[in-house]
Amino acid sequence: MSIDYSKEFEMIAEVYKKTGGDEKALFDKKHGALIINENKVLGKNEIKGMRIEHQSLKNGVKVKIFVEEGIKIENPVHLCFGMLPKEGRQEIYSEFIIGKNAGVEFTAHCIFSNAKHIEHIMDSEVVIGENAEMSYTETHYHSESGGTFVYPKLRGEIKKGGRFFEEFKLTEGRAGTLNIDYEIDQDERSSCELLTKIYGKKDDRIEVRESLNLNGVYAAGTAKSRIVLTDNAFGNVLGEIKGNAAYTRGHVDCHEIVHGDGAKAVSTPKISVENSFARVTHEAAIGRISKKELETLMARGLREEEAVDFIVRGLLR
Amino acid sequence: MLELRDVHYGTGDKEILKGIDLVIGESRIQSIIGVNGTGKTTLAAIIMGLNGYRPHRGRIFFKGRDITDLSITERAKLGITLAWQIPASFEGITVKEYLSIKKNFTAPEKALKLVGLNPNLYLNRVVDENLSGGERKRIELASVFSVKPKLVILDEPDSGIDMASITAIKKVIKNFKKMGTSVLLITHSERMAKVGDTVSLLCDGKIVKEGNVKEVTEFFRKYCRECDHIGEIEEEILK
Ligand SMILES: Nc1ncnc2c1ncn2[C@@H]1O[C@H](COP(=O)(O)OP(=O)(O)O)[C@@H](O)[C@H]1O
Ligand SMILES: [Mg+2]
Chain X
681 MSIDYSKEFE MIAEVYKKTG GDEKALFDKK HGALIINENK VLGKNEIKGM RIEHQSLKNG
741 VKVKIFVEEG IKIENPVHLC FGMLPKEGRQ EIYSEFIIGK NAGVEFTAHC IFSNAKHIEH
801 IMDSEVVIGE NAEMSYTETH YHSESGGTFV YPKLRGEIKK GGRFFEEFKL TEGRAGTLNI
861 DYEIDQDERS SCELLTKIYG KKDDRIEVRE SLNLNGVYAA GTAKSRIVLT DNAFGNVLGE
921 IKGNAAYTRG HVDCHEIVHG DGAKAVSTPK ISVENSFARV THEAAIGRIS KKELETLMAR
981 GLREEEAVDF IVRGLLR
Chain B
69 MLELRDVHYG TGDKEILKGI DLVIGESRIQ SIIGVNGTGK TTLAAIIMGL NGYRPHRGRI
129 FFKGRDITDL SITERAKLGI TLAWQIPASF EGITVKEYLS IKKNFTAPEK ALKLVGLNPN
189 LYLNRVVDEN LSGGERKRIE LASVFSVKPK LVILDEPDSG IDMASITAIK KVIKNFKKMG
249 TSVLLITHSE RMAKVGDTVS LLCDGKIVKE GNVKEVTEFF RKYCRECDHI GEIEEEILK
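Protein chains in written order, with the numbering used here: chain X, 681 to 997; chain B, 69 to 307.
The calculated lysine-lysine pairs, modelled on BS3-like cross-linking and capped at a C-alpha distance of 30 Å, are:
(1) X:K877 to B:K171
(2) B:K86 to X:K972
(3) X:K697 to X:K742
FYI, nobody ran anything at the bench for these hints, they're computed from the structure.
Based on the provided sequences and hints, a complete structural model is requested.
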């Protein structure tokens, strides 16, 4: 059976648009882009200073993205990883190599909106060069079936003075089974911000590990998560920061809301310092939506469920 | 417009409100003054119908209708709202969104202008701890404007803010009245209470004196500010 790629590309672009993506950016020449469905690269656009290598595997794609030294990429680079079929497995092995003094922003969309039983493995390595800057926002669109099994794993290294901002967002559709595992090593004067936002429903199971190793002097990092769990959903967040060098600053900020009698949340901040000039802090809050917030909105005329939606929308934005 | 008849409320074996009778007319500012712990915030919660705050005895009427058993939302829909002493914070919600909770009422821009805040500077701010106490209190008042209530309960609108904001807030309270909203102004400050058309003095869960602003506030200054009369006030001092 042969598949028409252009048709697939259109379908992805269609979903991409529906889910709030700028679908024109997938076609124009100003934006770097890479569009993958199953194990096929449907489209790719390299721009000046950025190179994309890829290789199809049996169940996925191997990708390497290089940004050259000193190059500041002006427009966001669009990445789209989709699985249009209802069933299957997709493995993405990616490497991001960001050269010294370079700067780049990635906008990734992961689309599993037809999923009945989809496994998605995302294994990434990120190397951010000296004084380089990378931003990576990943937004997921899942089906309502709960049959998504998603395992994003990231290992990163931020060199001296480098900066990394990473955001993972899954608020549309069911989280299903989700296991996030991020660990970053930071050299001196580097900074890193990890942010995870997830809405769990029904019997979704969510595991998050955000881990930062502040290895160089003055390295700074935050591991922040906002998880809302309704029905019987379960969430387990581990925010881990090690202050291994002098003047490092770290902060774990975890907020999980349980709404519904069957929902369960666990949060474990794990912080340590190996240098007396390091400072690592944490705040974790688990619980129902604040009574005062709810009652304030109800006093303005919202019904309780409308008030809950309003609060959750802000928290997961 | 609002009437409380013999409202009692307590927790455990402690009685906090001990038979409150109170009437507020249309387009009126009614101050409630009392020192800390006399039951002012509890009274606000009882009128708004917050969870856990149902009178153990007595009834509450609004526009002739018995609202004692109505939910917060139902009361709000009839036109009652409350501004808390310390307003809640809302992560990720902009001022503009916060002031657009209900459509078709006062526009966010106008609501901000009514409380003396420049819309250009505030509409896109987030309603969380990045706002100062004074800013947050004013935005709360703007939020009240945005739903155009018939009655607003203001719990200590002057607490936790600077003097300049207090002057502004007094003006805002008068604006409510001009726009046809009655105000139940809860305060422990004599100066703030004077904004009212009439004042009621709350002591130990009871209204012990009410009426003329000058009379009641003077009485408050003389006997209540450094109060050691709880329980004996009625017998010894009131005549
Ligand atoms: N939830 C509660 N449980 C027990 N006691 C309470 C509760 N809320 C208020 N109180 C008590 O009731 C009294 C009145 O409190 P409050 O209404 O907050 O007074 P005010 O606002 O005038 O300072 C105080 O003695 C306070 O300690
Ligand atoms: Mg109070």
